[in-house]
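Colleague: The primary structure of each chain is shown beneath.
2 protein chains.
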Amino acid sequence: MTEPFSVQTQTYHPLADDAVGPYLAAIPPVAALLGNSPASWTVREVGDGNLNLVFIVEGPSGGVVLKQALPYMRLVGDSWPLPLERSYFESMALTEQARAAPGLVPQLLAVDRVGAAIVMEYLNPHIILRKALIRGRRLDFFADHMASFLALSLFKTSDLYLPSARKKALMREFCANVELCKITEDLVFTDPYRASPGNRWTSPQLDGAAAAIRADAPLKAEVQALKLKFLSSAEALIHGDLHTGSIMVTETDTRAIDPEFAFFGPMGFDVGALLANLLIATIAHPAHSEKPQPYQSWILDQAERVWDGFDRRFRALWDEAGAGDAFTAELFADAPGKASLRRAQDRRMAALFTDTLGFAGCKMIRRVLGLAHVEDLESIADPDVRAAAERKVLALARTLILRRYDMTSFADVRRAMAEVERHPA
Amino acid sequence: MTEPFSVQTQTYHPLADDAVGPYLAAIPPVAALLGNSPASWTVREVGDGNLNLVFIVEGPSGGVVLKQALPYMRLVGDSWPLPLERSYFESMALTEQARAAPGLVPQLLAVDRVGAAIVMEYLNPHIILRKALIRGRRLDFFADHMASFLALSLFKTSDLYLPSARKKALMREFCANVELCKITEDLVFTDPYRASPGNRWTSPQLDGAAAAIRADAPLKAEVQALKLKFLSSAEALIHGDLHTGSIMVTETDTRAIDPEFAFFGPMGFDVGALLANLLIATIAHPAHSEKPQPYQSWILDQAERVWDGFDRRFRALWDEAGAGDAFTAELFADAPGKASLRRAQDRRMAALFTDTLGFAGCKMIRRVLGLAHVEDLESIADPDVRAAAERKVLALARTLILRRYDMTSFADVRRAMAEVERHPA
Chain A
1 MTEPFSVQTQ TYHPLADDAV GPYLAAIPPV AALLGNSPAS WTVREVGDGN
51 LNLVFIVEGP SGGVVLKQAL PYMRLVGDSW PLPLERSYFE SMALTEQARA
101 APGLVPQLLA VDRVGAAIVM EYLNPHIILR KALIRGRRLD FFADHMASFL
151 ALSLFKTSDL YLPSARKKAL MREFCANVEL CKITEDLVFT DPYRASPGNR
201 WTSPQLDGAA AAIRADAPLK AEVQALKLKF LSSAEALIHG DLHTGSIMVT
251 ETDTRAIDPE FAFFGPMGFD VGALLANLLI ATIAHPAHSE KPQPYQSWIL
301 DQAERVWDGF DRRFRALWDE AGAGDAFTAE LFADAPGKAS LRRAQDRRMA
351 ALFTDTLGFA GCKMIRRVLG LAHVEDLESI ADPDVRAAAE RKVLALARTL
401 ILRRYDMTSF ADVRRAMAEV ERHPA
Chain B
1 MTEPFSVQTQ TYHPLADDAV GPYLAAIPPV AALLGNSPAS WTVREVGDGN
51 LNLVFIVEGP SGGVVLKQAL PYMRLVGDSW PLPLERSYFE SMALTEQARA
101 APGLVPQLLA VDRVGAAIVM EYLNPHIILR KALIRGRRLD FFADHMASFL
151 ALSLFKTSDL YLPSARKKAL MREFCANVEL CKITEDLVFT DPYRASPGNR
201 WTSPQLDGAA AAIRADAPLK AEVQALKLKF LSSAEALIHG DLHTGSIMVT
251 ETDTRAIDPE FAFFGPMGFD VGALLANLLI ATIAHPAHSE KPQPYQSWIL
301 DQAERVWDGF DRRFRALWDE AGAGDAFTAE LFADAPGKAS LRRAQDRRMA
351 ALFTDTLGFA GCKMIRRVLG LAHVEDLESI ADPDVRAAAE RKVLALARTL
401 ILRRYDMTSF ADVRRAMAEV ERHPA
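These protein sequence lines map, in sequence, to chains A and B.
Counting from 1, one number per residue, gives the positions in the first sequence under this note's numbering.
Counting from 1, one number per residue, gives the positions in the second sequence under this note's numbering.
Be aware that a few hints might be false.
[What the hints assert, rightly or not] Derived contacts from chain B toward chain A, CB cut-off under 7 Å, selection only:
# : residue
1 : ASP159
2 : SER164
3 : ALA165
4 : GLU185
5 : TRP201
6 : GLN205
[To be verified] Simulated pairs of lysine-lysine, PhoX-like, Cα-Cα distance not exceeding 25 Å:
# : chain 1 : residue 1 : chain 2 : residue 2
7 : A       : LYS291    : A       : LYS131
8 : A       : LYS182    : B       : LYS131
9 : B       : LYS338    : A       : LYS338
The set of hints was computed from the structure by calculation and includes no laboratory data.
For glycine and all other residues, C-beta sits at the position ideal for the given N, C-alpha and C.
Chain A on its own, in the form it takes in the complex (with noise of 0.2 Å):
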């Protein structure tokens, strides 16, 4: 693994687009890459401004991206401050799963603290997941190669791999990412149950629905246990954000993006993130299609194919690379030993689904009541076919959340599953 060259920007200033070539044409491996001189590279503007000032760069050899964080947020009109340090972490989080994941990140080539910028590969021809799912692309590998970005990078990143210094040193840089936790910490766990300005939803076919949920203790009683997990479990270095917005895909190459949400978290966290938002799909997908099947059954296999990929990949590395301080390989060596290990690992991997499961419930509600909406459901025009979707997805993530501890396999979330598209509640 190369190290990204390191940048030394004086002082911050968000970059004008004529000033991103000279930028790079200082970075001498980049200008390397992008080939001859910075005049025969085009500049693309790409970011919607919100959050980053995102540029595509191509040059006569290659292309790059230039990622420069924003100190705002610009969202419902008005303006969040937010953390330039936010491209900091996402340099180092691309740099450890880089190290856990190989192939499955941009590679990173330089990084600009104080500019606040980092440049990436430009991937390319990749479209974002999310969108190939609107458009009912079918894509065979991305499953398999989530389960190994997961596998890879929540495992080499935890406690049964790394040394437990190696592990403190990272997650004393990790704990620094403070905001943006927060962010998550409101946006998933909190306002959606409670009466939050920043709330929306499918008004008024779901103004019920969402009061419902605001009323409804039991199912907030358990999701601010899994915001505790979210806060106090330091399983491993996650993601953060890994919705299907977050990767990129070819018909053979996928990549996870944008970890700037990373921190040492709960691993069902990231897990359940990809599965809500392949469930998500899953749902909204007859809005899509004239002719939803097979192609809803293949989504929902996908998710299926995450899980099951995962589990045993994770199985597989804990039993080949074990090397970490906990569950210390040596005191299992032999074959009582080594049948006991087993039996933990099949209590830990159980204890994961649940709270891939209860996770994947939270996310899946926040896009339906809270700030941040998804495409594969807004973008479904007429409200009341929406609201229905939304409905569904609603009924399945309070499932998730309130059932996880008795579902134990993914064939009990498919049984969830039908059981809301019968009975949407």
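Position chain B relative to chain A; hints supplied.
Modeller: Same frame as chain A, but now just chain B:
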């Protein structure tokens, strides 16, 4: 709370006896507390010289303790390097514990980070709780005081009380306390379960028992699950070494001392450490007394009072001061909310009891088979009598670890204790 005075030593060197007076004279609040001039002060070194220098300094108006870390631990004839920074972690932990649980830790008067020293109030006429228990002294208040210390220090450094930004900032500091955590990881969770040169036990009496534990695969798997929790559950700032030798008592006053192992870990580790040592004291007592009853029952009663008091106070704090980012109080304001919160608290306290028993079991086993033993057992001169008590400790510990998910109240611990007394395995 007054901030401790900050001493600006330039380079570390261990303090000689005759350097102590001038050192303290340069700390105005300490000099004022001692009164008059250094010539009138008496200096006694009372540390065992293994780990720290500990000076008791008394002047005409008061006394202080000066504790300075040594860069090594002398043990079993060998020298084991230890970081001087542990003194700084102790000072930070004392500061946070004093904030959370005023009056239950020694007052910190001065901190010298480079000099690896702290100055504290001299606790007098306090004695070490372990010695009081060995001598059969009844202390009416320590159990309630320790229940309060545990509830306050754990609750008020958890996500139930602290805003997430404050908790993450604190956690960041304590993530650096790597070496001392590693000692616990090895000595408590690993070494007693493998052939390790530091291990020792009453031999030959316990040779078979030690071998049986090393071969006990189901037990090792559970201990490693607890170790994983120790490594990855950042629930609260825990003391990290809360045995009865870390508690100083009078009839009416109780203080937890020596928190140099402090870090953000699982709450059950502290509660379990104290219970473990009270259970050991209970089992050991008949060897120290011609008439073991009713004192032996009294010790066991104190263990129950610690748990019950902790449980009650922790819930009360949660109800009255639940201002943290977890379990956002606003969500549970109405009657159904309060009822659901109560059930969530029941589940949380039940899980905490389970953890407590598991960690207690680990702490008991290490005191019989590991490197560091306890005076309650070590001072039993007859090796057969000692081994008989130690066998009971091992049997009870094994039950606590393996049956902890089925044990729901202290009555179950009493039953396990009675079973061990009847059939010591």
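Colleague: Evaluate each hint against the coordinates.
Modeller: Structure-based check of all given hints:
1. ASP159: 4 Å, holds
2. SER164: 6 Å, holds
3. ALA165: 5 Å, holds
4. GLU185: Holds, about 6 Å.
5. TRP201: Violated, about 18 Å.
6. GLN205: Violated, because the Cβ-Cβ distance from GLN205/B to chain A comes to roughly 24 Å (cut-off 7 Å).
7. LYS291/A - LYS131/A: With Cα atoms ~18 Å apart, LYS291/A and LYS131/A stay inside 25 Å; holds.
8. LYS182/A - LYS131/B: 47 Å, violated
9. LYS338/B - LYS338/A: Distance ~46 Å between LYS338/B and LYS338/A Cα, so the pair is violated.
Hints 5, 6, 8, 9 from the earlier list are contradicted by this structure; the remaining hints agree with it.
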